[in-house]
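Protein chains: 2
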Amino acid sequence: MKLLKERILAHGQNLGGGILKVDSFINHQVDPILMEACGEELARRFKSVGATKVLTAEISGIAPALMTAKFLNLPVVYARKSKPVTMPDQVYLTLAPSHTKGRMVELIVSPEYLANGEKVLIIDDFLASGATILGLARLAQAAGASLVGIGTLIEKTFEGGREALSTLGIPVESLVAISSMDNGKFEFAG
Amino acid sequence: MKLLKERILAHGQNLGGGILKVDSFINHQVDPILMEACGEELARRFKSVGATKVLTAEISGIAPALMTAKFLNLPVVYARKSKPVTMPDQVYLTLAPSHTKGRMVELIVSPEYLANGEKVLIIDDFLASGATILGLARLAQAAGASLVGIGTLIEKTFEGGREALSTLGIPVESLVAISSMDNGKFEFAG
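These protein sequence lines map, in sequence, to chains A and B. All residue numbers for the first sequence refer to the numbering used here, where the first residue is 1229 and numbers rise by one. All residue numbers for the second sequence refer to the numbering used here, where the first residue is 1229 and numbers rise by one.
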């Protein structure tokens, strides 16, 4: 997606060690117009998969998932990383490693909003190792839901996430794929 | 706002102790169409205040703030509750009590995205005691920004937040105001 790629080139920062800082338009400050365009494009790519729900993880998945869900006219559920008082005692919970926190975090979804038979489209900001997305996939499977697609804004192809997700056997789409961040630069795939 | 009030009546749950559960359309599962309508209405109310940035707090402020910012064509910054590796060492940080966590949480904004002279519109899901919003106001003031308005989806007038915010001397708008949650019911103000 040209718009997002241009923004990464103009305002993304390669911090080294494979860390891409996009805090000025995705992860801390968010450009809602860009995010809406990304959501529209992800919705276009997944319009035929029959999703009944969009699933993401707090925090930075919320903006792209919300905008994608808007164009698909679907509810979006974001997995919580801590259980609020409003959630029932019995929940779906899994652990996934957090890149930015350097430890395992919980991903929690209430059975109230992820039902047996649901068709789940997972949307997140990054596809890196795929660990968070695999965690979301486990939550959906635990609920008896089926997975119909995975969409992300930015894929770092050199972290192997696409291979890790291949066992799920569902379409994986990313709007921009970065194949290398060596030497402080960005190289794009495709 | 009629649409939101109807949704609260149909799907909000009064859990007692002043806790309003809106997890099926705002706080865990989100209805993006409703959220867009709320954002449009908040943007309409604040279109003349001259805001240059929308400020909110992760997590549940993100959806309404993003949609409001979209209609105002402004960037939105969400205060983080933990400092990611992409953030500089020097940050604006304040503490605010969390209702749902029962403890103090940090609210952190990078100086990169909140600048001296900026005009800040704060958007959040709830106006209850006002403590989170006052925390966001302190961050804006620490950055040398001025506050131009505060908008929330749902106000619980019986928790005194509006009075707590009155010292700021800026317009405070809520789309729905609940004046009582006694006896398992909802009473609306106005």
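Keep in mind that the hints were calculated from the coordinates and are not lab data. Since the model is a prediction, treat every value here as computed from it, not as a measurement. Take these hints with a grain of salt, some might be off.
Heads up, the list lumps identical chains together, so a pair's fine if it works in one copy or across two of them.
To be verified - Listed next, the in silico DSSO-like pairs over lysine-lysine satisfying Cα-Cα at most 27 angstroms (straight line):
| hint | residue 1 | residue 2 |
| --- | --- | --- |
| 1 | Lys1275 | Lys1347 |
| 2 | Lys1249 | Lys1309 |
| 3 | Lys1329 | Lys1311 |
| 4 | Lys1311 | Lys1413 |
| 5 | Lys1309 | Lys1329 |
| 6 | Lys1249 | Lys1275 |
| 7 | Lys1413 | Lys1233 |
| 8 | Lys1233 | Lys1275 |
| 9 | Lys1311 | Lys1230 |
| 10 | Lys1347 | Lys1230 |
| 11 | Lys1347 | Lys1329 |
| 12 | Lys1233 | Lys1311 |
| 13 | Lys1329 | Lys1275 |
| 14 | Lys1347 | Lys1249 |
| 15 | Lys1230 | Lys1249 |
Earlier hints that do not hold, by number
Going through the list in order, the structure violates hints 6, 9, 10, 11, 13 and respects the others.
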